[in-house]
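Top to bottom, those sequences are chains A and B.
Under my numbering, think of the first position of the first sequence as 26, with each following residue one higher.
Under my numbering, think of the first position of the second sequence as 5, with each following residue one higher.
Because the hints were derived from the structure by calculation, they are not lab data.
Be careful, since some hints might not be right.
As the list claims (entries may be wrong) - If you anchor each label on the Cβ, the simulated ranges turn out as follows:
| # | chain 1 | residue 1 | chain 2 | residue 2 | range |
| --- | --- | --- | --- | --- | --- |
| 1 | A | Asp147 | B | Gly181 | 42 to 50 angstroms |
| 2 | A | Gly165 | B | Asp248 | 49 to 57 angstroms |
| 3 | A | Ala36 | B | Arg16 | 19 to 27 angstroms |
| 4 | A | Gly93 | B | Val213 | 23 to 31 angstroms |
| 5 | A | Glu42 | B | Leu47 | 17 to 25 angstroms |
| 6 | B | Leu47 | A | Glu53 | 40 to 48 angstroms |
| 7 | A | Gly125 | B | Pro146 | 47 to 55 angstroms |
As the list claims (entries may be wrong) - Computed cross-link-like contacts, DSSO-like style, restricted to lysine-lysine with a CA-CA straight-line distance of at most 27 angstroms:
| # | chain 1 | residue 1 | chain 2 | residue 2 |
| --- | --- | --- | --- | --- |
| 8 | B | Lys241 | A | Lys27 |
| 9 | B | Lys241 | B | Lys310 |
| 10 | B | Lys6 | B | Lys31 |
| 11 | B | Lys6 | A | Lys27 |
Cβ atoms here follow ideal geometry from the backbone N, Cα and C, with glycine treated the same way.
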Amino acid sequence: MKITLTVNGAAYPLDVEPRRILADVLREDCGLTGTHLGCEHGICGACTVLVDGEAVRACLMFAVQCDGSSVRTVEGLAAPDGEPHPLQRAFSAEHALQCGFCTPGFLMVAAGALEADPNIGDDPERVDGLVGSNICRCTGYEPIRRAILRAAREQQGDRDGVNR
Amino acid sequence: MKPAAFDYVVPRTVPEAVAALGDTGRKVQVLAGGQSLILEMHLQRIRPELVVDINRIAGLDRLSVDGDTLRVGALVRHGVFESARAVPGPLGTLFARAVVNIAHPPIRSRGTMVGSFAWAHPASEWCAIGTALDADIEVQGPAGRRVVAARDWFHGPYRTARRPEELITAVRFPLLGDDTGVGFIEHRRTHFCFAQVAVAAALTVRDGVICEARIGLVNCADRPLRARAAEQALIGKELGPPVDGYRPPEDHPFAHAGRIAAARDAAPLAEPYADVEYKRQAIAVLVGRTLCQAANDQRSRAAQLKGDQQ
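Generate the whole structure from the sequences, applying the supplied hints.
If you want it as structure tokens, here you go:
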């Protein structure tokens, strides 16, 4: 089936079988291997990407469902000049990754929430809910939680024009 | 594993979807949120020959209130109900308390409430709430529309009154009045597990006396249940002063109702890590706790109402 995916702003005209999941098409047809596949059961969250701004499991969506949609993957987080996204800087600063396998999923679930609600840093319970969406077997989650809060507060500070 | 090959159609209207479902020579599946279906297709426990993707049917994502009825369209995602203000009154509070137990935000952004009614998993939170509140399920078939009451809808695990050529277009709930308090408590092994037991409760109180009680039991049988015997035991009882919700005293009406629900209403099935005896114990405790939560919710609503009037 012929579809067009817009991934990180670039149009990808593709011919895919309906049975193929979004994560496989991103990795194999678009060559964007930053999206990782862990469990393929919707549990681990390593494959989380943004479809039309909303975080979804790329293992629980068929690529054909995203025809005409805008997909954002971890490759699209940094600025075009390579400047890391505030979340990426915060993950680095807080040591929120060790092996890094789960990191793309955590970054995308956090990026989606942060863009939908820039004030998420004021609601630690919601941040806990985001962190609880995915599985990390290295860090024990607390550094990830701190990193998301740090990025949220940094963005808030930028917007308010104050250093917090 | 990966899903087996299937044909894929994307109807733009409900009649087109119903026509596609009428292809009964083949194994057909409706794809809405797909958060359970696509997993089962990965495991190839379900291998449809035709998938009817309803996600591009305009209007099915509508959440609307008509009089004292809430209508949830087939494409309204779980995540919508995270805000208690998405639905008016205590029903919105009940939905908001329940929805956080459904998977995680990225699953809730795709999965749909109506999909839960179609899937009919015994551990579904929405299905037990629908059963307790006498929800109605709207289905559209080749011969037109029919409405099925939740109590007649569930026929067992993954089995419902839906005929293969029918599409569920919406589920309708009666709104709850301001004199009703709600509670929802779920018990599970870990954050990533389905409910071992969960309980939904709605208590309506007039002049300090319980005049209506609705208790929904999640994963307490092969299908969602309404704990009618326990409800009956509560009618006419005084609400009384607040009690310790974690463990109401043995002789408290809520603890009594919990024991009745466990012994007479529930028909639990043994699962790994939860045999029947364990589940009955959990049901008794959880029903008591949820009723305490509903009573506290009712008290704070009554207090707020009084404050508003003054």
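Are there hints from earlier that the structure breaks, and if so, what are their numbers?
-> 1, 2, 4, 6, 8
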